[in-house]
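Undergrad: The residues making up each chain are set out below.
2 protein chains.
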Amino acid sequence: MNDFEEPIEKLIEYFKALPGVGYKTAQRYAFFIIENSKEKAENFANAILEVKNKVKLCRECGNYSTNDLCKICEKRNNQLICVVQEPKDIVSMEKVKSYDGVYHVLFGCINPLENKGPNDIKIKELLSRVQKNNVKEVIMATNPDVEGEATAMYIAKLLKPLGVKVTRLAQGISIGSDIEFADEVTLEKALKSRQEI
Amino acid sequence: MNDFEEPIEKLIEYFKALPGVGYKTAQRYAFFIIENSKEKAENFANAILEVKNKVKLCRECGNYSTNDLCKICEKRNNQLICVVQEPKDIVSMEKVKSYDGVYHVLFGCINPLENKGPNDIKIKELLSRVQKNNVKEVIMATNPDVEGEATAMYIAKLLKPLGVKVTRLAQGISIGSDIEFADEVTLEKALKSRQEI
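These protein sequences, in sequence, are chains A and B.
Going by the numbering used here, the first residue of the first sequence is number 1, and it counts up by one from there.
Going by the numbering used here, the first residue of the second sequence is number 1, and it counts up by one from there.
Hints may be right or wrong, so weigh each one.
Treat identical chains as interchangeable: a pair holds within one or across any two.
What the hints assert, rightly or not - Okay, derived cross-link-like pairs now, EDC-like style, lysine to aspartate or glutamate, Cα gap no bigger than 16 Å in a straight line:
id	residue 1	residue 2
1	LYS136	ASP100
2	LYS116	GLU149
3	LYS54	GLU137
4	LYS116	GLU74
5	LYS40	GLU50
6	LYS54	GLU9
7	LYS54	GLU39
8	LYS71	GLU5
9	LYS56	GLU35
10	LYS24	GLU94
11	LYS165	GLU137
If you are wondering where the hints come from, they were derived from the structure by calculation, not from laboratory data.
Predicted, not measured: the structure shown is a model, and the values here were computed from it.
Given the sequences, and given the hints that come with them, work out the whole structure.
TA: This is the structure:
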C-alpha cells in the first residue's frame, strides 16, 4: 500500500510495528500526529528517545529502572525473591500491595521449541543472588503454561540443595470466574489443592 | 496510576493520547519501545519529527503534502472538484480508482452546536477555486449526516449562481449489506432514488 507521501507512509510503518496495530489503526495514529501541534509531536518524539536513553535494567533483578538499582531492590526485603519471566509481570505482581519482597526477571523461560535453554535465561544470576543474600524463600511466578511450569520445576531443583524454600503461586479457579466455564485442567488442579474451610 | 519510573510513565502518557488507546495498550506500546533496539526507537522518533517538519497542507486543496502543491493537484483534471470534510476522506475516495478529478478539503462542516459557521471552514477558498479554474462540476462528498448534509446544501446554493454543476454522492443501501439490517432513513432514501433496471 502506498497511499501517502513518503514521510507519512514511514510514520505509519513505525506505528504498524507496535504490537496489535494494523495498517488502518497506524494510519489513524499518524493522522493524529499530523493534526496535532508541533510541540506535542516533539515531546512525544523526545519521550521515546528519553526512555531509550534513561531506562536500563536493574543490576540486581533485571527490572526496568532509571538507576543502577531499581526502586524495589533499593528498599525491600531482599531475602524473599519472586521470580518472573518478564519485567511487565512485575507490574502485575506489584498490584498485590502486601508483597514486600524483591523480584528476579528471567527474561523468558526454558522453551526447546524456541531454542531457549537454561543458559539463555537469567538462572545463573538467580543462583548467585540466592547465595549472596542468604535468601529465605524463592517464589516461582512463571506463567502457568507448560514452559513456565517446566522452568519453575527446573529452577526449584537447582535451588533446593542450597537450603532455600521454593514455592509456586497457587493454581486454581480465578476469583469472580464461573465454575461452568473453568477448563478441566484448572478444575483438576483446584480439586487436588482443595483446602479445608 | 504511577506504576513506573518517570520516563516510562511519560511515554505511556503520550501513547495514551493517541485515538482509541487506553492505559493498558499504551503500556504495551511503551514496553515494546523499551524492549526494541535503540536504533529503531530513534528512527521512530525521527519519523514523528519528520512528518511534522515536512508535511504541510497543499495550497490548492488542503490535502497533506510534502510540496506546496500535492500530487493530486499537480496532474489531475482540475475542472472536477470533490469536496470532503477531512484529508483522511481523500484516502477513502482515492480507492475509487476511476476518479480523476481533484479534491477540496473543508476541514470540518457547518455545525452550530460546535460553534462552527460557514466562515470557519474553507468555503471561500472553494468558491475562488471554482471561479479561477473554470470548474465544470463540484461533487459534494461531505458525510451523510445532518451536519454534512446541511453543509452540502449550503455550498450548493452558493455555487449554483456561478453556473457550475453541483452533485452529491448517491445515498442508498451499501453493497454487500442486508436489507434486514438497513435503517429506515437509508431505506427511504434508497426507495426514493430507485432506478430502472
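Undergrad: A separate judgement is required for each hint: does it hold in the structure or not?
TA: Do the hints match the structure? See the list:
no.: 1; hint: LYS136 / ASP100; result: within (13 Å within a copy, 75 Å between copies)
no.: 2; hint: LYS116 / GLU149; result: within (15 Å within a copy, 60 Å between copies)
no.: 3; hint: LYS54 / GLU137; result: neither (32 Å within a copy, 57 Å between copies)
no.: 4; hint: LYS116 / GLU74; result: neither (31 Å within a copy, 55 Å between copies)
no.: 5; hint: LYS40 / GLU50; result: both (15 Å within a copy, 13 Å between copies)
no.: 6; hint: LYS54 / GLU9; result: between (29 Å within a copy, 12 Å between copies)
no.: 7; hint: LYS54 / GLU39; result: between (21 Å within a copy, 15 Å between copies)
no.: 8; hint: LYS71 / GLU5; result: between (45 Å within a copy, 9 Å between copies)
no.: 9; hint: LYS56 / GLU35; result: between (33 Å within a copy, 10 Å between copies)
no.: 10; hint: LYS24 / GLU94; result: between (35 Å within a copy, 15 Å between copies)
no.: 11; hint: LYS165 / GLU137; result: within (5 Å within a copy, 82 Å between copies)
Consistency with the previously given hints fails for numbers 3 and 4, ordered from lowest to highest.
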